[in-house]
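If you read the sequences in order, they're chains A and B. Going by the working numbering, the first sequence opens with residue 96, and the numbers climb by one from there. Going by the working numbering, the second sequence opens with residue 5, and the numbers climb by one from there.
Just so you know, the hints here were simulated from the structure itself, not pulled from any lab data. Glycine included, every Cβ here is placed at the ideal spot set by N, Cα and C. Careful, some of the hints might be misleading.
[What the hints assert, rightly or not] Label-pair restraints from in silico Cβ distances:
#1 A:Q210 x B:Q69: 47 to 55 angstroms
#2 A:T326 x B:A72: 36 to 44 angstroms
#3 B:A72 x A:P209: 40 to 48 angstroms
#4 B:T83 x A:E205: 21 to 29 angstroms
[Unchecked claim] Examples of chain B residues toward chain A, derived with CB under 7 angstroms:
#5 V67
#6 V70
#7 T83
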Amino acid sequence: MKRTISSRMMVGVLVGMLAGLIAMSPSVVFAAPGSTIPGSVSGSSQPSNPLCSTTVFAKAQQQVEMALSGRVTQLNTLLSAVNDTSNHLTPADRQTLQDDISNVELPGIEGLQPQVQQATTCAQLRVAAHSMVFAYRVYVVMTPQTHLVIVADREIYIEGLFVNLESTIASAIQNAQGHGKNVTAAEAAYSDLQGQVSAAQNATNGLSAQVLAQTPQGAPGNWQVFLAARTSITNARNDLHTAYSDAVQVKTDLTR
Amino acid sequence: MTIRKLAAVVLSFGISLMLAACGTSGSSHAVQKTKPPVTAAPTSTTSTMSASASSSTLNTQIVSQVGAQLGELDNSLTTANSDLNSPRGDS
């Protein structure tokens with residue numbers, strides 16, 4: 096996956112978006128191979144390649160406009176998810192994500208839209224496309240970052256529910272035992288529940304902060320951070336589901 | 005002798021009147037005093053009952069709440085997995 100993502104990024108989005116145009120007309124080369132990496136300053140400051148004809152330029156411009164528009168839609172979707180109070184983001188994490196999306200990403204991408212509309216050369220288009228990709232990383236940083244933090248914070252919230260439940264379960268077991276009930280199975284399930292919740296807490300400890308620390312400039316290296324975070328939240332998810340089964344088990348045992 | 009008896013009767017009547025008066029006011033205090041325990045007892049019983057009732061209710065509610073949250077968690081995780089398994093675009 097890393098190789099795929101890295102290599103994709105090396106190719107550069109603008110050239111990628113023009114792939115269809117190039118395929119239509121192999122002789123149309125938007126930029127020399129040396130300057131195909133959108134991150135290269137020299138590439139974006141070079142004059143428009145003479146082969147970027149007026150017709151091709153218009154199509155390229157349209158492609159970049161669509162790419163910007165897609166990012167605006169994506170950012171608004173992310174912002175809606177962040178603003179949704181039912182997802183149990185911590186106030187601090189919600190604020191961080193809101194700031195990133197509303198004050199950095201959206202204004203940045205929206206600021207590029209008039210630039211692209213007003214661009215008259217392939218070089219100008221390349222500068223805007225480069226910025227769109229490398230400065231904001233909407234799909235490979237902002238998106239997984241937002242969704243991973245939402246999951247991690249929801250897990251932390253559920254861990255809190257379990258912690259509250261633990262004392263109730265302990266009392267219920269004690270109460271049942273006081274009434275002469277055999278609580279051996281309930282105690283075993285309760286003990287497992289505590290272990291599972293503890294494991295989930297370890298898996299999610301500091302995870303949101305680590306994911307939130309990732310920036311567009313850290314791509315593509317921070318992809319590994321996201322993959323590791325995914326492993327942690329998946330482990331925590333499994334722990335919490337097992338803990339839930341334990342809780343149901345205790346409840347069943349005590350009501351028999 | 006008769007005067008003595010009369011005096012004794014008057015005195016005892018007076019005392020009983022006083023006692024009655026005291027008893028009345030005392031009884032009102034007593035009512036007030038006994039009220040709190042009377043109300044306190046049901047309150048205490050109620051709180052004990054609600055505690056034990058809410059224990060089982062709370063138990064069910066929280067377990068159900070956790071179950072619902074785990075369902076939402078799975079949905080969120082699916083979205084996050086989708087981002088990482090098939091990122092949209094290259095950037």
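Failing hints, ascending? When the structure is compared with the hints, only number 2 turns out to be violated.
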